[in-house]
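Put the complex together from the two separate chains, hints included.
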Amino acid sequence: MRPFTFERATSVEDAVTKAAAKPNSKFIAGGTNLLDLMKLQIETPPHLIDVNHIGLDEIEETEEGGLRIGALVSNTALAADSRIRQNYGVLSRALVAGASGQLRNKATTGGNLLQRTRCPYFYDTNMPCNKREPDSGCSAMGGFSRQLGVVGTSENCIATYPGDMAVALRVLDATIETQRPAEKAPRMLTLDDFYRLPGDSPNIETVLEPGELITAVHLPAPVTGKHIYKKVRDRASYAFAVVSIAAILKEDGTGRFACGGLAPRPWRDAKAEALLPDAKAATAQLLAEASPTDQNQFKIKLTERALSSVIAEASS
Amino acid sequence: MKFTKPAPKNPIDNQTVMGKPTPRIDGPLKTTGQATYAYEWKDVVENPAYGWIIGSSIANGRIKSMKLDAAKSAPGVIDILTYKNAGIKHKGDNSSAQQIAGPKVEHYHQAVAMVIAESFEEARAAAELVEISYTKSKGKYVLEDTLSSAKKTDQQKDVSVGDFASAYESAPVKLDVTYKTSRHSHAMMEPHATIANWEDNKVTVWTANQMINWSKTSLAKVLGVSKEDVRLVSPFIGGGFGGKLFILSDASLAAAGARLTKRPVKVTLQRALIFNNTAHRASTIQNMRLGANENGELTAVAHKNWSSALPEGGPESGVLTTGPSYKTPNMLLETRLSVTNLPPVSAMRAPGDMPGSIAIEVAMDEMAEKLKLDPIEFRLLNDTQTNPETGKPFSRRKLAECLQQGAEKFGWSDRSSVPAQKREGSKLIGMGVASAVRGGPASKSAARVQLTTDNKLIVETDMTDIGTGSYTILAQTAAEMMGLPLSDVDVRLGDSNFPAAAGSGGQWGATSSTSGVYVACVNLRKKITDQLGLNADTATFENGNVTESGKSTSLSSIVKSGPIEAEGEIDFSGRGDDHSYYTFGAHFVEVEVDIYTAETRIRRMLAVCDSGRIFNPVSARSQVIGGMTMGAGAALMEELHVDPRYGHLANHDLAQYEVPVHMDIPHQEVFFLEGEDPLASPTKGSGVGELGICGVSAAIGNAIYNATGVRVREFPITMEKLLNEMPVEV
Ligand SMILES: Cc1cc2nc3c(=O)[nH]c(=O)nc-3n(C[C@H](O)[C@H](O)[C@H](O)COP(=O)(O)OP(=O)(O)OC[C@H]3O[C@@H](n4cnc5c(N)ncnc54)[C@H](O)[C@@H]3O)c2cc1C
Ligand code: SF4
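Protein sequence lines correspond, in order, to chains S and V.
Under the working numbering, the residues of the first sequence are numbered 1 to 316, in order.
Under the working numbering, the residues of the second sequence are numbered 1001 to 1730, in order.
Bear in mind the hints are in silico, worked out from the structure with no lab data behind them.
Treat the hints loosely; a few may be bogus.
Stated by the list, open to error - In silico SDA-like pairs for lysine to any residue, Cα to Cα no more than 20 Å straight-line:
1. V:K1067 x S:T125
2. V:K1067 x S:N126
3. V:K1427 x S:T125
4. V:K1138 x S:N126
5. V:K1180 x S:Q295
6. S:K226 x S:Q295
7. S:K301 x V:T1031
8. V:K1227 x V:D1495
9. S:K39 x V:S1057
10. V:K1456 x V:E1567
11. S:K39 x V:L1129
12. S:K226 x V:G1425
13. S:K280 x V:E1729
14. S:K301 x V:V1728
15. V:K1152 x V:E1334
16. V:K1427 x S:S316
17. V:K1138 x S:P128
What the hints assert, rightly or not - Listed next, with one range per pair, are the computed distances between beta-carbon atoms:
18. S:A288 x V:K1072: 54 to 64 Å
19. V:S1065 x S:E289: 38 to 48 Å
20. S:D57 x V:E1714: 44 to 54 Å
21. V:E1131 x S:M1: 56 to 66 Å
22. V:S1413 x S:D36: 43 to 53 Å
23. S:E289 x V:T1135: 40 to 50 Å
24. S:L103 x V:K1072: 34 to 44 Å
25. S:E289 x V:E1714: 23 to 33 Å
Cβ coordinates follow ideal geometry from the N, Cα and C atoms, glycine included.
If we strip away everything but chain V, and leave its shape as in the complex, we get (with noise of 0.2 Å):
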């Protein structure tokens, strides 16, 4: 079905299921240990030998040798795949560097052998005696020195809107200044793992991925095979943020292995092994310039960003999040690119635009104050409907509304526009704010539908739910269609032989999956009103009745002569040009910073969020607050340090690239507007799981700077930068 503006009123307005607070409904199997994730299966192959993956030593270079033999002799071992005998015919799509180095050697940490043996004991202890040697090559390993060579890519290109460079030299007031943002590990919880078969010449892989469809493509091409003999299997991921959008080391080298050695093999990335192996979220550079009339409407706004990547890698598009944010006539996005020897750099929760969101929401906060008008009153007064970018009307912007419910429910009046003058005890204390603004993306997604002679209604999609709550919006939006209670569905994801949804990444899953499944839905319920004789129309679908004029017939009585099932597919592609779809919302931050060592610590934080309609608030909330305590990770301790001798990244575990703890984090509050979004979706609603993170860490250095007058422009803010210049003489 393509999608036609406006979504019509349809059943998912009733809102009976839909929309409520629902705890999710895997939630049991997950506290009981009972959902099984990648490296947990037990029972799908039989003898499985382990392998373990041996990253490159050094960043750039060759292979000269390899000696294997004494590893291969070593106990256990059953045979060492290297690039000779993979039997790897691509990188895989979307990646910057190959699956496996040789002779080769891309980045630091790249797989360049993988020992394979009955256990993972012996095969750990095997991978010691592996002797590799290389020839290293001069690599480029630091953004900063790299800049005379960046370059315009296509993959961002520069906009301009009205003369910039006229506009901003005659602005009254004017703002430039530079922001620096470090690279982040995705660090989820569940390390990278992967078990694989080979039957038939066909290869299953239970595996953590984010994107079975795209997966599935891109490790048949890895393995030179057809995409007809490579089945996925991902019900339970243990988050993923970006970093299990692709084909990585973890599922390539098992499937090579498995196939090498005709044994199932089973493999994971040790957690050292993570940072340099698969992906990061690039280092930016960003300047901002701000032109600003004396009433304070902006003028001109210009933001340049340069970011590095492998040769075939991409940028971190921070100017993404200025282009729809604040009215101005005049606009300049820049995106520059270079070419850096680090490990390959990739999407990581709201790619570009949590960057990005830095530089521009932390340029609001330094130019309201130069114009001597508080930020939300500036925020307000540079509000728009049009996305000045594109000149295309918001299908729905509620950024004023945000930004003053949330002001009113933080207590924005409370604070200091001056800044350092509220202390209690040691600390000094400081509120921030920041909007947040985030594209709403959609994407085709396709789902099978199947009401079963036991009166269960089974839904089958390849979506995955990487912790996001995917299984419980399904199971509403199924049971909100089809008249079912919530108890009466049964959600499958994650399987690549179910039909192809959008799959989690960008925020585009809910809107997209659930639509998906509204169209399946749909279609069933044609297929039961067709076999009864009545109007697709007019029918309606509740409490297990399908109802016409006052007739009503139950669903089970349908499905005693057999199952009903329907598929159907959502297509956006008719979304059209006429609009700009984006979420917006506003983060409230309050800090308090130890006048002595200049630690930060954050005491309260408030989002108010808007995406359309909420489909369920409970998994919603989870996913604010995620992205919230996300955004203070990067905020106040999140980098991953290069070590331009080496050409790594030299903090490479959970004990030296620190995220946020429990104790970081104080109580979060989470608001939602009401309404829908119907030019967005049937359903009406967007995602929100990028949004959170969005503008959440410049809210925290804009409290920073209320708290110390300090105006740190180098994220993270750690105690280092703010400690020669704390205000207060002790």
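In isolation and in its complexed conformation, chain S is listed as follows (with noise of 0.2 Å):
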């Protein structure tokens, strides 16, 4: 770990204008990610700016009938709303599927947003890695890839977005509010807006910009049908997925879904849903462009698997 300072921000405002003040700063919420990074080095910020303290912790009923869920709100709050396992059971179920009960209430939304790749190589720092040290390779590529990306990937990185909960905000088209320096407005993203794909620059994973904080994650009014968060994992619990199927469907099978553990951000597709409720042709059109390893080509027979699975329970 590199010595760093730490400053406590009061408000939003407060945040993001200490954040414009000290280039390369970075916030920390839960710490639940950021610091196991920096111990290693893959992080080396030289100023932190907790921002626990500056509210957003709330969730609110919008004037769209959906609810505006603050970026401090902890993963165990979140899960544990009523309103929350009411009409969003999907993203309460992704929510509860990931990690262990003492991190979910550290972890925060915004924090969650932004926990990174669960590469084997990008944690090992004598490895070559594109994400963590751009052009010095990519050693995953050839190497142990089981967990790894088949689609969204580019010949530089393909490591996946590795959680739970975007996946369910992702199939609910939730929102990020973010929170520029100098700026009045706050600005709305999309999830796919927010999540970039590699490219040629997969250490730069989102559209943040320097300095620009999340302020909270809008969900649209309740979506009906059976809301099914389905993770498969070589263990029980406390493990990263597989494959995830993060749904909203109708007894008939058909509806929306969108995926986990197969690209760099929640993968979804308009095309894939209406070939809804046959799974096969919907994974074939969701996959289409998939290019996997030798180790991982599992993964789209696995994403088939558990969305037939899905359907049925749908249907049950």
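Written out as structure tokens, the structure is:
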């Protein structure tokens, strides 16, 4: 860990002003991802701004009939909120499928969106990794890539976005509210706009500008249907998804779905949804552009199987 | 005392304390945070410096240059240890690589330097400023690619009984299959850690080590000092599983660093370093050939096992468990070892037997199906009281009883003999069984016992408790021998100043160390009876009194004038060549496999074990369920992935190397057969800690086959190995 300075922000405005004043500074919320990465010197911010005391820890109803989730709402509180459980079951289920109780108590909505990949080579600073060190190469390609992405990847990086919450947010058509330094109005971003695909700069994962703070996540009015989160993994708990599916389906198996564990961001495709309830056709469409490695080729079949399972669950 | 067989009737047979279910006596210390682990000692040294070990970034080659200046002048840095100034004289007993690399590098994450600083954080930060450049050499990293150069090894000689080739040739029913098992990490909870301090040219290390006496000898060689000048202290150990049998870089570099800086030095291995820096269980390829007659009697058994290691390393001897398993007149056991430049391989819980049990016990399942026999019936048909490998009778073998009782308790009769028949919702359900066969070794073990003037009985031995329950069974032994309540016994372990015990490894700890305490107590009893003019053979020690011919003297009156102490050592060298010493068990598992995703989860596990007398059913059960849990990991998820381009184990932290969590482990039932084994030891029992893991993974694999009809011969059985063959169209 490199030495760093630390200060505490008292409001949204204070946080972005402080961030603008210190280039390369980082916000710290729960710290469950950032601190691990700092210990390994994968993240080396010279300055941290603690955002735990700026408010933003409430879930409010919006005029559009949806909810505005403050960026500092913990994963535990969000999963347990009665409105979320009743009307956005897929989100609650995705959250409790992630990490562990202790981590979810600390983890925040904003921090969760920005958790970084679990590619093993990203974590080993002896290894080339374009995401960690631009232009050093990608070790995962041709290496231990079983867990990594099959679609949306590039020849420079095949890492996945590893999380669960954002997969549910994607299927709910959530939008992310942010605040930029020296801007009056917040900006609103869809998840697809928020997350960048790796292309030739896998080190840049989102469109967030320096000093830009996530302030909230907006959920539109509830979507009816069966809310399902299916997380396929090698052990029963406390493991990242090999493949996951967030779905809101009618009894006939039509509706919407998004996938985790496959791509650098939650993966959703309207053309694939149009093919439901045919899991085979929908998966073929969703992963038409897939370029898996030998080790993670099975994720394609697994996605189809997991989708079949979700459709069967919706109709039962 | 030399052990002569069979053990006579002795006070241990009273079973007033020994053999009774006893919660671990060190439990309250552990649950209240008062048990001090290696890194936690606060008052033993003043003002320690902190060491941060840097691991090699290449797998094989040489250090070309080291730039240390920037790190040396970083805040708080005291010095940097490298092969040039470490003063390390020996690689350590049983190590296949140097404690610190240089100029040669033998494996990935081998220690290349240690930054010593005033604080942990300063040492870690400065480590990033150390610049080491290397010249890489080509290495071999894939077992499969080295088979043509694999050689026989003296560490596991080939065994040939009868004439396998012709018996197999003429057998009417044959099986010829090959299994693979993965590389496993011990992944114990407590990372390796040491505090080292020199005083008057003598070093004390507070460390986490399973084998105090071995390691004291080894550390002395490593440091180039005499054995008398080394003291190891290791009273509490947060798990070992074989990962802490030997001197590793934490201990050697802490001691060398303390010598260099003339400061106490404290070192822990960061978790991500442990996997490649220390040692792991080697992967295996195992070919099994079984021949049987139409009645289902085995006529020919061959087991050939391949594994690889660094040039000075040993084999993972899968054949170990096959030799004694089933009756056969013709047997061929072959072990081949090749060289790879991966990190060191070493003993892990039931070395050899554990992966070996996958091969023999899955093969038995496959053969039973060929013979249209129930897998239990097939095993019973080939049961034997004579070790087919050596021709010697077993001291005790109750495998049949284990299988039969287990079948009854588990509801084996509900199993469909045809696979893929039982479905509940989206799950396919199956049952599997396997035998557990594991050696019951014993070795020299000494102890000292003292009755103090305040009426306590102190037991001192360098035996270790790696979470296994040694404290408790040794207290039970001493209490039983001296006729005192358990609460009067104070057990002190894990200090090389105490008499040398067998240590914790190879499941010999319990049988050896209880026998050592037994002998010390026999000697103490003799001292007391001599002092009182009583006959040691007829006097009894009960309820705090020594009694002969109706006349009782209280032990408390005897120590009024001063404490009484005795030492003793058990020596098993006379245990003889006329028997085979093994422990046996049977594992039963029910699994469910998701028809869509092929995810396997375990529903029920049950074991029936026998190792003669069970000293403490509570801690013995803990040992077996721990073994079952580890076996579940090996069956379903545990695998160190080799990246042959870099020559390292790529998933080297606990996020990537998955071990079972609570949700993976359902209710586990464990039963022990009653009885004792007077041929095994004076305390009439053997160990169970490694028995508990043998056969478990095979039983799970067999259950998966029963559930799905898909036979996977490459462990662990992860979803992608089943996915394409799942029997249900969805
Ligand atoms: C062992 C382990 C297992 C896990 N398993 C899972 C799992 O199964 N599924 C899963 O989904 N996740 C899992 N996680 C990840 C976990 O969900 C994340 O670590 C957590 O959500 C991050 O939230 P945080 O508040 O702690 O973020 P922090 O660590 O504080 O921050 C993470 C990043 O977000 C930035 N940041 C934080 N808040 C803001 C903000 N408001 N605006 C702008 N930037 C911000 C920080 O600068 C940093 O770059 C696991 C984590 C661990 C350690
Ligand atoms: S996949 Fe991405 S994160 Fe992984 S090594 Fe390649 S560049 Fe780095």
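Verification of the hints:
no. : hint                         : in the structure
1   : V:K1067 x S:T125             : 18 Å, holds
2   : V:K1067 x S:N126             : 17 Å, holds
3   : V:K1427 x S:T125             : 42 Å, violated
4   : V:K1138 x S:N126             : 18 Å, holds
5   : V:K1180 x S:Q295             : 17 Å, holds
6   : S:K226 x S:Q295              : 33 Å, violated
7   : S:K301 x V:T1031             : 47 Å, violated
8   : V:K1227 x V:D1495            : 14 Å, holds
9   : S:K39 x V:S1057              : 18 Å, holds
10  : V:K1456 x V:E1567            : 16 Å, holds
11  : S:K39 x V:L1129              : 15 Å, holds
12  : S:K226 x V:G1425             : 19 Å, holds
13  : S:K280 x V:E1729             : 12 Å, holds
14  : S:K301 x V:V1728             : 14 Å, holds
15  : V:K1152 x V:E1334            : 8 Å, holds
16  : V:K1427 x S:S316             : 15 Å, holds
17  : V:K1138 x S:P128             : 19 Å, holds
18  : S:A288 x V:K1072: 54 to 64 Å : 57 Å, holds
19  : V:S1065 x S:E289: 38 to 48 Å : 46 Å, holds
20  : S:D57 x V:E1714: 44 to 54 Å  : 49 Å, holds
21  : V:E1131 x S:M1: 56 to 66 Å   : 19 Å, violated
22  : V:S1413 x S:D36: 43 to 53 Å  : 51 Å, holds
23  : S:E289 x V:T1135: 40 to 50 Å : 42 Å, holds
24  : S:L103 x V:K1072: 34 to 44 Å : 38 Å, holds
25  : S:E289 x V:E1714: 23 to 33 Å : 31 Å, holds
Consistency note: the structure conflicts with the earlier hints numbered 3, 6, 7 and 21.
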